[in-house]
Amino acid sequence: MGFDADVAVVGLGALGSHAAWRLAGRGRQVIGFEQFCLGHDRGSSHGLTRLFRVACLEHPNLVTMARRSRALWHELQTQSVDPILEITGGIMIGPPKSAVVLGTLTAAQAHDLPVELLTRAQLTERFPQHQDLSDDTVGIWDPEAGIVYPETAIRVAVAAAERAGATIYTDTKVVAIEPSADRVVVKTATSSVTARQVVVTTGAWLSALVPELELTPMRTPMTWFRPIDAHGESFDLENFPVFVRALDQGNGIWGHGAVNGCGVKVGPDHDPTVAAADPDCVDRSTSENDHALVSELLNRALPGLDPEPSRIVICMVTHSRDGQFVVGRPHPNSRLVVGGGDSGHAFKHAPGLGELIAQIITGEPTYVGTAFIDPQRLSHAARMKSR
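Here our numbering is used: the first residue of the sequence shown is 3, the next is one more, and so on.
Any given hint could turn out to be false.
[Said to hold, decoys possible] Distance condition first, Cα-Cα at most 25 angstroms in a straight line; then the derived DMTMM-like pairs of lysine to aspartate or glutamate:
hint : residue 1 : residue 2
1    : LYS175    : GLU127
2    : LYS175    : GLU146
3    : LYS189    : ASP282
4    : LYS99     : GLU127
No wet-lab data here; the hints were simulated from the structure.
These numbers come from a predicted model, not from an experiment.
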C-alpha cells in the first residue's frame with residue numbers, strides 16, 4: 003500500500019496554514035484539511051487583528067521565535083497585496099515589579115532589544131489616553147511591536163502552500179487519525195488519506211483528536227469600543243498603538259487603536275467568568291456578562307472610551323497547563339506532530355511555529371530550543387506529580 007502524501011496537515015488555522023506553507027516549500031508532498039473555510043470564525047484564528055511583540059514577556063525563547071515569524075511574514079507579504087503585519091510600536095505599562103514590566107525588560111536585556119524606558123510623566127505626555135496611573139507606573143516602548151491580520155495571513159499562507167504543490171481540502175472534517183508503525187491514516191466522513199507523518203493543528207479541537215494532551219478550550223469574548231469623543235482621532239491606531247498594561251489586583255488589559263473602522267480593541271488579561279467549552283456546541287450569542295469585567299477595567303484606565311462595546315465576537319482560546327504552547331511529538335517515536343495550546347498568545351508566532359513544525363517533521367535542527375513547548379514536558383510533569 004502506497005502513500006497519498008508525505009505529510010497530512012489537519013487544521014489550517016494559525017499554525018497549520020504556516021506549517022503547510024513551510025513544508026510544501028521544502029518540496030514535501032502535503033495534503034491539508036480544514037473543517038471550515040479558510041480564515042473562519044469558529045476557532046482561535048480570527049478577530050481582524052492580533053498583537054505582535056518581539057519583546058515577549060512570556061518566555062525568553064519567544065523573542066527568537068518572534069524574529070523568525072517577522073522575517074517569514076515579510077517573505078509572505080511579497081505574495082499578497084493585502085497587509086499581513088503592520089509595525090506600530092507598542093507600549094508596555096505597569097509598576098516596576100509587575101510581570102508586564104519585568105518580563106519585557108528581561109526579554110529585552112537578554113536579546114539586546116531597542117526598547118525605551120519611560121517615566122510616568124513621559125508616559126502621560128506621549129499617551130494621555132491612559133489614565134489612573136499610579137505614581138510608580140513606568141512604560142517600556144517597544145518599537146518592533148505591531149498588529150497582524152490573522153484571516154489574511156492564513157489565506158495567503160495556504161495559497162503559498164498550494165503554489166508550492168500542496169493539495170488543500172476545505173469544508174472537510176477529519177474524524178479520526180490512526181497511526182501505525184510506518185504510516186498514519188487520516189479519515190474523513192467520506193474518504194481516507196495515508197501519509198508518512200501527520201501534523202495536527204486543530205486548535206480547540208486538538209484534544210478531541212489527541213486526548214493525552216489535556217488541553218482546555220475556553221469560550222473567550224473579544225471586544226471593541228468606540229471613543230466618547232465624536233472625532234476620536236486620539237484613539238486611531240497611529241495615535242494609540244499596541245499596549246499591554248498591568249493594573250491593580252493582579253489583572254490587566256491589552257489592545258490597540260482603531261483600524262479599518264472597527265473600533266478600539268481591548269481585552270482583559272484574565273477573566274474569571276471565562277469557562278471551558280466544547281467547540282462543537284459553544285454558545286456564540288453574547289450578553290452583558292461577556293464584557294462586564296473589561297468595561298469596568300477600561301472605565302478607569304481608558305475613560306475616553308465608551309464602556310459599552312461596539313462589537314463582541316466569541317473566540318476559542320485553548321490553554322495548556324503551564325501557559326506555553328504544545329508543539330512537537332507527543333511520544334518520542336510518534337508519527338504525529340502536534341501544534342496548539344496557544345494559551346492566548348500564539349498568533350504572533352504563527353510562521354515561526356510553522357517553521358518549527360516543518361523542521362521537526364523533516365528532522366532538521368530547530369532554529370530555537372523547543373524544550374519549553376515540547377508536548378512530552380506535560381506528560382513528564384504529570385508523572386512527577388503523581389509520585
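Is the hinted pair LYS99 and GLU127 satisfied, with a Cα-Cα distance of at most 25 angstroms?
22 angstroms, holds
If you draw a straight line from the CA of LYS189 to the CA of ASP282, is it 25 angstroms or shorter?
18 angstroms, holds
Could you grab the alpha-carbon distance between LYS175 and GLU146 and see if it respects the 25 angstroms cut-off?
38 angstroms, violated
25 angstroms limit on alpha-carbon distance, applied to hinted pair LYS175 and GLU127:
52 angstroms, violated
When held up to the earlier numbered hints, the structure conflicts with 1, 2 and fits the remainder.
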